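Spelled out, the chains give:
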Amino acid sequence: MTNNPLMPINAEVINIIPESNDVKTFQLKPEKPLDHMPGQCAMLSLLGVGEALFSITSPPGRDYLEFSIKRVGKLTEVLHQMEPGQTVGIRGPYGNNFPVERIKGKKLLFIGGGIGLAPLRSLIQYTLDRPGEYPEAKQLIYGARSTDDLIFERDIFNAWPEEKNFEVNLSVDVEAPNWDGFVGFVPQYLEELSPDPQDTVAVTCGPPIMIKFVLQTLEKIGFNPDQIVTTLEYKMKCGIGKCGRCNLDEFYVCKDGPVFYLSDLNQMKSDFI
Amino acid sequence: MCKITEELQQIAAELLKEGKVDLVLGYTKGEQEEQSVPCIVTQPEDASKLIFDEYSEKALSKYLLEESFQDKKVAIVLKGCDQRAFKLMQDESRLGREDVYLIGVECPGMKWGEDLSPFCLHCDYRTPAKEDVDSLLTGADIPEAMQGEPLDHEDSFTDINRLEKMSKEERFEFWKRQLNRCKRCYTCRNACPVCTCRVCVFDRENPDYIDRAKDQMAQHQFYHVIRAFHVSDRCVSCGECARVCPEGIPLHLLNQKLLRELDKFYGEYQAGIDEVPTPLSHANADEPDFFGKEGKA
Amino acid sequence: MKPVIAAKSFEQLLKALHQLSSKYLVVAPTTEDGVEHYRPITQMSEEQKSQVERLSLRNQPPLGSVKPFLFPDSEIYIEFTKKDGKLDVQTPRASVPQIILGAKPCDVVSLELIDKVFLEDPVDGLYQEKRDNTVLIVNQCDEMGANCRCDDFGVQRSTGSADLLMSKDESSGKILLKAQSEKGNILAEELLKEGMEENPVFREPKVPVKEALESEKIQQAMDDFFESPFWEELAMRCIGCATCTFYCPTCHCYDIRDFQRKEQGARYRTWDSCMFPDYTRMAGGHNPRPTRKDRVQNRFYHKLSYFVKNEGALGCVGCGRCGEKCPVGISMDTVLNRIGGEVNDK
Numbered sequence: 134m135t136n137n138p139l140m141p142i143n144a145e146v147i148n149i150i151p152e153s154n155d156v157k158t159f160q161l162k163p164e165k166p167l168d169h170m171p172g173q174c175a176m177l178s179l180l181g182v183g184e185a186l187f188s189i190t191s192p193p194g195r196d197y198l199e200f201s202i203k204r205v206g207k208l209t210e211v212l213h214q215m216e217p218g219q220t221v222g223i224r225g226p227y228g229n230n231f232p233v234e235r236i237k238g239k240k241l242l243f244i245g246g247g248i249g250l251a252p253l254r255s256l257i258q259y260t261l262d263r264p265g266e267y268p269e270a271k272q273l274i275y276g277a278r279s280t281d282d283l284i285f286e287r288d289i290f291n292a293w294p295e296e297k298n299f300e301v302n303l304s305v306d307v308e309a310p311n312w313d314g315f316v317g318f319v320p321q322y323l324e325e326l327s328p329d330p331q332d333t334v335a336v337t338c339g340p341p342i343m344i345k346f347v348l349q350t351l352e353k354i355g356f357n358p359d360q361i362v363t364t365l366e367y368k369m370k371c372g373i374g375k376c377g378r379c380n381l382d383e384f385y386v387c388k389d390g391p392v393f394y395l396s397d398l399n400q401m402k403s404d405f406i
Numbered sequence: 029m030c031k032i033t034e035e036l037q038q039i040a041a042e043l044l045k046e047g048k049v050d051l052v053l054g055y056t057k058g059e060q061e062e063q064s065v066p067c068i069v070t071q072p073e074d075a076s077k078l079i080f081d082e083y084s085e086k087a088l089s090k091y092l093l094e095e096s097f098q099d100k101k102v103a104i105v106l107k108g109c110d111q112r113a114f115k116l117m118q119d120e121s122r123l124g125r126e127d128v129y130l131i132g133v134e135c136p137g138m139k140w141g142e143d144l145s146p147f148c149l150h151c152d153y154r155t156p157a158k159e160d161v162d163s164l165l166t167g168a169d170i171p172e173a174m175q176g177e178p179l180d181h182e183d184s185f186t187d188i189n190r191l192e193k194m195s196k197e198e199r200f201e202f203w204k205r206q207l208n209r210c211k212r213c214y215t216c217r218n219a220c221p222v223c224t225c226r227v228c229v230f231d232r233e234n235p236d237y238i239d240r241a242k243d244q245m246a247q248h249q250f251y252h253v254i255r256a257f258h259v260s261d262r263c264v265s266c267g268e269c270a271r272v273c274p275e276g277i278p279l280h281l282l283n284q285k286l287l288r289e290l291d292k293f294y295g296e297y298q299a300g301i302d303e304v305p306t307p308l309s310h311a312n313a314d315e316p317d318f319f320g321k322e323g324k325a
Numbered sequence: 331m332k333p334v335i336a337a338k339s340f341e342q343l344l345k346a347l348h349q350l351s352s353k354y355l356v357v358a359p360t361t362e363d364g365v366e367h368y369r370p371i372t373q374m375s376e377e378q379k380s381q382v383e384r385l386s387l388r389n390q391p392p393l394g395s396v397k398p399f400l401f402p403d404s405e406i407y408i409e410f411t412k413k414d415g416k417l418d419v420q421t422p423r424a425s426v427p428q429i430i431l432g433a434k435p436c437d438v439v440s441l442e443l444i445d446k447v448f449l450e451d452p453v454d455g456l457y458q459e460k461r462d463n464t465v466l467i468v469n470q471c472d473e474m475g476a477n478c479r480c481d482d483f484g485v486q487r488s489t490g491s492a493d494l495l496m497s498k499d500e501s502s503g504k505i506l507l508k509a510q511s512e513k514g515n516i517l518a519e520e521l522l523k524e525g526m527e528e529n530p531v532f533r534e535p536k537v538p539v540k541e542a543l544e545s546e547k548i549q550q551a552m553d554d555f556f557e558s559p560f561w562e563e564l565a566m567r568c569i570g571c572a573t574c575t576f577y578c579p580t581c582h583c584y585d586i587r588d589f590q591r592k593e594q595g596a597r598y599r600t601w602d603s604c605m606f607p608d609y610t611r612m613a614g615g616h617n618p619r620p621t622r623k624d625r626v627q628n629r630f631y632h633k634l635s636y637f638v639k640n641e642g643a644l645g646c647v648g649c650g651r652c653g654e655k656c657p658v659g660i661s662m663d664t665v666l667n668r669i670g671g672e673v674n675d676k
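Respectively, the protein sequence lines represent chains A, B and C. Residue numbering for the first sequence follows this note's numbering, starting at 134 and increasing by one per position. Residue numbering for the second sequence follows this note's numbering, starting at 29 and increasing by one per position. Residue numbering for the third sequence follows this note's numbering, starting at 331 and increasing by one per position.
A few of these clues could be false.
[Claimed, not checked] Calculated lysine-lysine pairs in the DSS-like style (CA-CA distance at most 30 Å, straight line): (1) 158(B) to 204(B); (2) 207(A) to 413(C); (3) 57(B) to 623(C); (4) 623(C) to 204(B); (5) 413(C) to 157(A); (6) 592(C) to 416(C); (7) 345(A) to 157(A); (8) 412(C) to 207(A); (9) 158(B) to 31(B); (10) 547(C) to 498(C); (11) 77(B) to 623(C); (12) 204(B) to 353(C); (13) 402(A) to 158(B); (14) 207(A) to 416(C); (15) 345(A) to 207(A); (16) 402(A) to 388(A); (17) 240(A) to 162(A).
Derived by calculation from the structure, the hints in this document are not laboratory data. These figures come from a predicted structure and were not determined experimentally.
All chains, full assembly: derive it from the sequences and hints.
In structure tokens:
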């Protein structure tokens with residue numbers, strides 16, 4: 134039997150949670166456990182339809198893996214029509230993870246946009262699960278296009294604001310009835326809030342254009358590049374640094390990423406966004 | 029140095045010196061023997077790099093559609109077939125005539141290995157018309173084979189005659205062997221000066237109509253037949269598709285065959301010389317109806 | 331033991347290999363409609379067989395490299411049928427042992443470069459299986475072909491993972507084979523049984539010694555050259571086709587796709603090219619390498635800088651195929667001559 138790292142194993146869909154118009158969270162139970170860390174990804178596939186890389190949105194230590202998936206293409210369209218009890222292919226986990234050691238003892242600022250909250254959620258929950266290791270103040274600035282596009286409502290409106298020492302700030306791009314949060318783009322909200330960079334690490338994830346402006350704003354309000362962590366989303370096929378496409382300079386985002394410090398990204402010769 | 033090259037260098041240097049253009053797009057000597065390659069000159073002192081000879085085969089006109097040529101004043105060297113492609117793009121409103129300085133050149137016929145290109149042998153539009161260009165450079169050293177009347181349509185299509193004589197099965201075998209080597213590198217498409225769609229049907233995201241597999245005969249056939257039909261009445265007979273194919277697939281035969289059939293049904297039409305619309309981009313009530321009950325008209 | 335065996339003529343060698351074709355797939359270089367490729371000898375016409383000796387012993391690689399026999403241009407790894415809601419999955423059968431006759435040192439080294447990527451953990455089993463199953467009969471070139479730059483890349487003398495070396499003794503017309511691996515020894519034994527004979531000596535090729543380019547120096551020069559306007563000029567000339575990448579023996583990029591018609595389907599991997607815009611364009615439309623300049627630069631930097639940093643070697647063997655087939659005459663030299671400071675004003 135050929136040892137083929139591209140070969141998926143089966144995972145059962147045990148639950149599907151609708152998050153917004155075009156995002157659903159899938160709880161999967163792989164036939165063999167995949168031990169992951171926050172920030173890592175896995176390849177999900179359906180035979181005859183295709184395969185794509187998604188970040189794992191659940192923290193380690195659950196008996197399922199969660200993926201929050203936006204309907205954007207052929208595979209995600211079919212995934213959205215699935216029902217609990219059906220099977221998908223899975224392989225992974227792939228990539229590096231958020232620097233859970235290096236951020237110990239720091240205040241944590243999470244900045245997310247749209248579906249970009251998915252990988253952050255794994256880290257947020259990981260730190261909340263370990264209050265002894267991550268006792269410092271936490272803050273989330275999260276925005277989406279509209280109130281309909283905010284995901285993980287049970288977390289952002291209920292669970293997280295109730296946590297001790299965790300400030301949750303929400304924004305939407307356009308006005309909506311009964312919305313008392315910020316209206317505007319995430320980088321604007323970040324600038325308005327201007328969190329104190331002292332002893333803080335900022336972790337951001339979202340659409341490329343948002344990341345670009347969030348990084349600029351963070352530097353403007355006093356964060357150093359080695360206090361800023363982001364994840365990159367590149368097109369990936371193999372997930373193991375061989376098929377070639379996701380390289381940024383000599384690094385493969387699927388293998389050496391997707392998590393990078395801005396101080397490392399600034400060393401790259403190629404544009405990373 | 030031949031007369032055209034000499035004059036070309038002078039004109040290019042002047043245009044750049046006077047600031048009339050930002051760059052001159054022409055040819056220069058390549059790294060290999062008997063090779064001329066596209067060349068972009070932006071400084072008057074570099075105009076001496078430009079040459080024009082019987083290896084200046086690459087069609088240049090399509091470069092004008094590329095992103096990096098936008099918002100620049102460009103002077104471009106055009107042989108007859110390339111000027112036809114330019115004219116077609118102009119007629120199809122893909123680019124404006126006033127934005128470009130055209131340097132027409134008399135073409136001595138391009139080399140295919142030792143021989144002259146069969147396309148050049150039957151070409152009767154080697155040199156762009158004076159009124160279609162801003163400068164016209166003549167005085168090329170015309171080989172004997174091209175000095176008389178060009179070979180007529182029929183004589184230059186020798187390969188097609190051979191194909192038409194084959195049985196259906198033989199013809200299928202012929203194309204099967206040829207197209208089996210295709211890797212879909214899309215060199216033919218990218219080099220073709222009239223393949224100018226903004227987004228090619230074969231570049232769309234996850235199309236259901238074509239597969240990515242490189243070993244699927246049916247997919248290669250599909251690609252080449254679709255491309256041949258898309259190009260058919262717009263082909264300017266430059267021969268680039270066949271020249272650039274790394275697998276030596278005689279792709280021009282598909283185009284020639286279609287041109288011949290179109291000539292039969294709609295009368296002779298030469299893209300980039302005759303007025304648009306091209307035969308297949310409009311329909312007249314009295315045209316033959318191939319799909320009607322009577323079959324072929 | 332390094333046995334040397336001899337066939338009286340190339341014809342006898344081909345005949346002996348033919349005898350082994352129930353056990354091995356034997357491929358050799360030939361021409362098809364004038365285009366040079368490796369093809370199974372059992373599928374060759376007599377006319378094609380007559381080309382094999384010339385192309386096997388020639389000082390220049392054929393257009394098609396040996397790569398497709400180890401890393402096929404398309405390779406199915408899951409087959410399935412979906413019937414009445416039931417999914418039945420099969421993996422295709424294992425590869426068969428194969429002999430590649432007349433491989434060139436540049437192609438052998440290019441496989442060694444692909445090894446660095448595919449055989450590094452996690453090992454690409456699809457490739458490894460074929461690599462283990464392949465016996466390479468390599469002829470060392472005496473001279474370089476017109477477009478060859480192998481001496482610059484230190485390749486001409488290198489036959490590291492060749493299983494058997496091959497050369498022709500011009501005076502006797504004998505074809506000599508020298509085994510230099512276990513697989514080579516086994517094949518030599520088998521060929522002895524098919525009528526080849528032991529021979530006291532092997533004819534070593536005339537290999538000129540020329541200093542190869544220093545990979546770290548090239549990498550440094552490339553890195554210093556990143557911001558040069560040269561890349562924009564080069565990108566303006568490039569027409570964005572995939573010829574350079576599809577004929578490169580070291581390119582190993584692939585795509586993974588699914589296919590389904592009615593009840594049957596497959597998942598396969600297939601060559602992809604970094605020159606195509608959709609290679610990096612994501613479903614949402616974002617593209618980290620949106621311009622042709624980004625893509626042209628990435629191709630050359632991958633070969634001449636990133637590969638050095640990741641794998642400790644230049645990602646090019648100087649076979650010259652890309653430059654020979656590029657419709658606008660762009661070659662490795664086009665870049666190497668510039669970064670060397672020596673401007674190619676020919």
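Hint-by-hint comparison with the structure:
no. : hint             : result
1   : 158(B) to 204(B) : violated (44 Å)
2   : 207(A) to 413(C) : holds (22 Å)
3   : 57(B) to 623(C)  : holds (23 Å)
4   : 623(C) to 204(B) : violated (36 Å)
5   : 413(C) to 157(A) : holds (28 Å)
6   : 592(C) to 416(C) : holds (13 Å)
7   : 345(A) to 157(A) : holds (26 Å)
8   : 412(C) to 207(A) : holds (19 Å)
9   : 158(B) to 31(B)  : holds (18 Å)
10  : 547(C) to 498(C) : violated (37 Å)
11  : 77(B) to 623(C)  : holds (23 Å)
12  : 204(B) to 353(C) : holds (29 Å)
13  : 402(A) to 158(B) : violated (49 Å)
14  : 207(A) to 416(C) : holds (22 Å)
15  : 345(A) to 207(A) : holds (28 Å)
16  : 402(A) to 388(A) : holds (19 Å)
17  : 240(A) to 162(A) : violated (33 Å)
Hints 1, 4, 10, 13 and 17 from the earlier list are contradicted by this structure; the remaining hints agree with it.
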